[in-house]
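Colleague: Turn these sequences into a full structure, and let the hints guide you.
Taken in order, these protein sequences are the chains called A and B.
Residue numbers for the first sequence follow my numbering, beginning at 54 and rising by one.
Residue numbers for the second sequence follow my numbering, beginning at 12 and rising by one.
Some hints could be false.
Unchecked claim - Example chain B residues on the side facing chain A (calculated, C-beta under 8 Å, incomplete): (1) D45; (2) D70; (3) L72; (4) L86; (5) L120; (6) T170; (7) G194.
Simulated from the structure, these hints should not be mistaken for laboratory data.
Here the structure is a predicted model, which means the values were calculated and not measured.
C-beta: ideal position from N, C-alpha, C; glycine also.
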Amino acid sequence: MSTETPTPMNRFGPFGGRYVPETLIGALDELSSAYDEAASDQKFSSEVGSLLRDFGGRPTALYHAKRLGEAAGHPSIYLKREDLNHTGAHKINNTIGQALLAIRMGKRRIIAETGAGQHGVATATACALFDLECIVYMGEEDVERQALNVYRMKLLGAEVRAVGSGTRTLKDATNEAIRDWVTSVETTHYIIGSVVGPDPFPRMVRDFQAVIGRETREQILEITGRLPSAVFACVGGGSNAIGIFDSFLSDKEVRLIGVEAAGTGIETGQHAASLAVGKPGVLHGSFSYLLQDEDGQVSPAHSVSAGLDYPGVGPEHSYLKDIGRAEYTAVTDQDALDAFHRLAELEGIIPALESAHAIAYVLKVAAKYRNDGPVVVCLSGRGDKDVSHVAQIEGNEPLV
Amino acid sequence: MDDDVLISKSFKLLGSEGRTALIPYVTAGYPTRDATVPLLERLKDVGADIVELGIPFSDPLADGPTIQRSSFAALENGTTVASVLDDLRTFRDGNDLPIVLFSYLNPILAYGLEAFLSDAVTAGADGILLTDLPTGADPEVEARISESPLALIRLIAPTTPSERVPKVTRGGSGFVYYISRTGVTGARVKLRESLAEELGQIRSVVSLPVAVGFGISTPEQAASVAGVADGVVIGSALIEALDKGGIDGGADFLHSIRIGMDRG
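Modeller: Shown next as structure tokens:
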């Protein structure tokens, strides 16, 4: 399904792997073979494809954002509208695929972790669709700042378990989901929401998200007759970024740029820029860039955006960084908040705070690309979920 | 390669006496930074045969609430890989109780694998158990540990596919740790009834002594496991006893387990 296949050890260069308790090895073997079998099964791909079309709303539009372009000094900025997917973000591309896979494996209990709540909502949605039991682990801090999504998950029939240990955010929600899985592995499938975790998750989630890049490549060629000079996407775990990058990996002339969360500034230490300033290490089953102290303890991440508030990153991003195929940069909370407003005012689109990081960076640098042809930004999700939180940050009373 | 002599000797001696090894787990630096050395001495006095000494990690995803709590507290106390090795060195002076370091991989990688192996051996460690390094996950790291004087303790889970069991112990030595149930660490009321049968299957393909852990919390459970296993690991229940009664409480609890096992 993709051009970058992990090495025989199922790694991306030195990154990735399966650093998990022995209890999970059997399940990961089972998942790998079920996935490999499904990936080569025409019926499976077409079932995923038609659900993403009829239920999810694909293909999503590639939209020429002229007023954003004017503001940024580049006449041809295109937004890949993943925000138009059912549930409001790209996450549904992955959860539909993995839920179908769980059914193939005969597992009807689903667990998931969530930060912003988008993956939790997308998982709860797929579970409602297929009548699967659904339990979502979410950090207590995120439960507070993403109250709307918590309620959406409950509406969809999922049980949301607030995680109070450690940093009370996505990292510890993931720990708790893995603990559940270690206990329940014989009956449960764990739908990881990003291109992180032990093999086969990073390559499987990438393959499910690669539809973003396939459509984008076709659409930009059809609209402009050429490939983009650059593709921008925000990176937390990195699933929307890998999804849109994947189809351009062999087009060496297309620059691939991932935007991490610089929080209150890299120099303050309050950020989530694993690729920019982390060091390779092991967290959540794979070897990848990681925010950690000199004793190898994982450092708490910080971002205004719950979905980027994660100290690790997908192993394929670590590999793309090290081989120089993709570049990674970071913008601050304030940059993202500004971009959140600007896109709303300029284009009538309220972006997710995660996606606002990519918009913020494009606003900064697009002018440099003005003579090189079109650029594409992955607008990974819509910002309804963030409206109340942003209003509060800006000194208003909470709205929900 | 066979410098895990203390561990092997311990099992041989116990075997000849018809006894089962009692293997307590404690988190280094818990309940306080300076508790570890006196705690190890008390555990030895009340009948521990081998101790698993936990290096705390910020993200203990294989551990239940009790060991998570002890790990976070130990980190707050300023416990580091280096301070654990210091404690071990202090304890080792005059003590021959075998010590297995119990850790997640990342703190070891951050310390530097070669430096860690050499410093751990100098400090007097006999073995190492890495919860998130299953057999085959990182052949290079595994080979370097196997080549070191430290025994590499391998784990087998109830979910380990049967054809994988003989492979799991490859490169391992000292003993094999059988996880008596799926799940994270933590005291449990019920143990698997099929334990004896499961151990029989493991023994048919694995020649190392087999210790059983995960969920053993009472002298009665310990006695029943001791009847079928070569070693009994006590972790969360011991941490809980430490919480309630300090070092004395922990030692008394382990002593009650020892008595239960030797009677059973």
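Colleague: Taking the hints in turn, state whether each one holds.
Modeller: Status of the hints after comparison with the structure:
1. D45: violated, 19 Å
2. D70: With Cβ-Cβ at 5 Å, under 8 Å, it holds.
3. L72: At 5 Å from the nearest chain A Cβ, L72 of chain B passes the 8 Å test, so the hint holds.
4. L86: OK, holds: L86 of chain B within 8 Å of chain A, min 6 Å.
5. L120: holds, 6 Å
6. T170: For T170 of chain B, the interface hint holds, since the closest Cβ of chain A sits about 4 Å away, which is under 8 Å.
7. G194: Where the cut-off is 8 Å and the nearest Cβ of chain A is about 4 Å from G194 of chain B, the hint holds.
The structure shown violates just one earlier hint, number 1.
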